[in-house]
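The task is simple: from the sequences and hints, build the whole structure.
Chains as they are written, first to last, in my numbering: chain C, 1 to 187; chain V, 188 to 396.
Where hints are given, some of them may not hold.
Only pairs whose alpha carbons sit at most 25 Å apart, straight line, appear in this in silico DSS-like list of lysine-lysine [as the list claims (entries may be wrong)]: (1) 139(C) x 314(V); (2) 391(V) x 95(C); (3) 49(C) x 348(V); (4) 95(C) x 348(V); (5) 314(V) x 126(C).
Don't read these hints as lab results, they were simulated from the structure.
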Amino acid sequence: MCKTSILLCFLISFSFSFSQSAKLPEVDKSPMDVSYYPNNYPILKIQNKATEPLIARVLYSRPQKQGRKIFGELVEYDKVWRLGANEATEIEFYKDVKLGGKKVPKGRYTLYAIVSENVWTMILNKDTDTWGAFKYDSKKDMLRTDVAVQKTDEVVESMSMYFEKSTTGISLIVAWEQVKVTLPITL
Amino acid sequence: MKKILLVTLLPVIFFSCSEPEKKPAGNDTPSKAEAPIKVLPPASNYTNPDRSPMDMVYFPTDYPLLKMAGKTFVPPLMRIIYSRPQKQGRPIFGGLVKYDTPWRLGANESTEIEFFSAATVAGKTVKPGRYILYCIPQETKWTFVLNSNLYSWGLEQNRLKDLMQFEVPVEKTNLAIEYFTIACEKKSEKSTTLIFLWDDVKTKLPISF
Numbered sequence: 001m002c003k004t005s006i007l008l009c010f011l012i013s014f015s016f017s018f019s020q021s022a023k024l025p026e027v028d029k030s031p032m033d034v035s036y037y038p039n040n041y042p043i044l045k046i047q048n049k050a051t052e053p054l055i056a057r058v059l060y061s062r063p064q065k066q067g068r069k070i071f072g073e074l075v076e077y078d079k080v081w082r083l084g085a086n087e088a089t090e091i092e093f094y095k096d097v098k099l100g101g102k103k104v105p106k107g108r109y110t111l112y113a114i115v116s117e118n119v120w121t122m123i124l125n126k127d128t129d130t131w132g133a134f135k136y137d138s139k140k141d142m143l144r145t146d147v148a149v150q151k152t153d154e155v156v157e158s159m160s161m162y163f164e165k166s167t168t169g170i171s172l173i174v175a176w177e178q179v180k181v182t183l184p185i186t187l
Numbered sequence: 188m189k190k191i192l193l194v195t196l197l198p199v200i201f202f203s204c205s206e207p208e209k210k211p212a213g214n215d216t217p218s219k220a221e222a223p224i225k226v227l228p229p230a231s232n233y234t235n236p237d238r239s240p241m242d243m244v245y246f247p248t249d250y251p252l253l254k255m256a257g258k259t260f261v262p263p264l265m266r267i268i269y270s271r272p273q274k275q276g277r278p279i280f281g282g283l284v285k286y287d288t289p290w291r292l293g294a295n296e297s298t299e300i301e302f303f304s305a306a307t308v309a310g311k312t313v314k315p316g317r318y319i320l321y322c323i324p325q326e327t328k329w330t331f332v333l334n335s336n337l338y339s340w341g342l343e344q345n346r347l348k349d350l351m352q353f354e355v356p357v358e359k360t361n362l363a364i365e366y367f368t369i370a371c372e373k374k375s376e377k378s379t380t381l382i383f384l385w386d387d388v389k390t391k392l393p394i395s396f
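Printed below as a string of structure tokens:
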């Protein structure tokens, strides 16, 4: 009940907000999010608890499953996918790293994926600040690297990306529905 | 007493943008704002989206869409990344966001502003690069501050890294704006008014390139 009335208040104020000016940017259905390595770096930083420098940041928008079949349907196999929603996913490295055995100078890149049932081809592309994969240009690829599809135990509702420490550096984990891939980044 | 009640009963729904380290009282999935320090076991990394979702503003407005539609072939001029707290019935300025105290212009991380070209902000020259932008709100004016302490959580600002300040008057809106909103009002191809809106307050920062 309490929740309902709050939701109602929220909806009312929301509609008021936007009746005032239709031009204001609305809140996105697939909200944007950010992950860092080290995890939660900004909080560690202001608490002086960061033991490693900032190495990577990924900016992506998080579509939700909402009961739909994702891989093979909503996200079609063998097509370039923006790895999220809205703007293409951006990955930034704050130092030179290696991906798929290739050297990647520090800087901003767009990260795409071509998904299939057992393997995803991760694509690091130099064309940033772009929407979706509609203007994807393979000539601007920095590199491509294949990663194996793993299964998660739980169903992941909101597409999630985060970094983990690995034996050779760090890994970017991408998970949605019951699929998970691990992209190794060598430092 | 009222304050105590509010703190006890409502933090789950009335998530405060100025006090992100408060423990949640309910069993909501922890957002990164509340359980920030420990690296969680993998299963818990599949968090729900944040209560104060992140958003991005480009100038030219919707630059990635313009690019996709083949309507621009030059690089963007500016990008802002911020998180959007909601009013949820609370008085914001002078209430949730205290006067005379630095505010992160959003929620969670400090608001990031990147100029891809040299800019003039409220008459002052700013070098290309990435900065954080926060403000010190007062009832009739806001002082915007450009600061170099990047990738920091917005709860406290390192004033030693302040670079420059811009004072602008506060305007009032007729109706309360629910979500904190930053938008670009285009003046010309190379100049814009950056608008900040929340509750019944509106401020403007003129920027040209």
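Now the hints, each set against the structure:
no.: 1; hint: 139(C) x 314(V); verdict: violated (31 Å)
no.: 2; hint: 391(V) x 95(C); verdict: violated (36 Å)
no.: 3; hint: 49(C) x 348(V); verdict: holds (19 Å)
no.: 4; hint: 95(C) x 348(V); verdict: holds (23 Å)
no.: 5; hint: 314(V) x 126(C); verdict: holds (24 Å)
Of the numbered hints stated above, those contradicted by the structure are hints 1 and 2, listed in ascending order.
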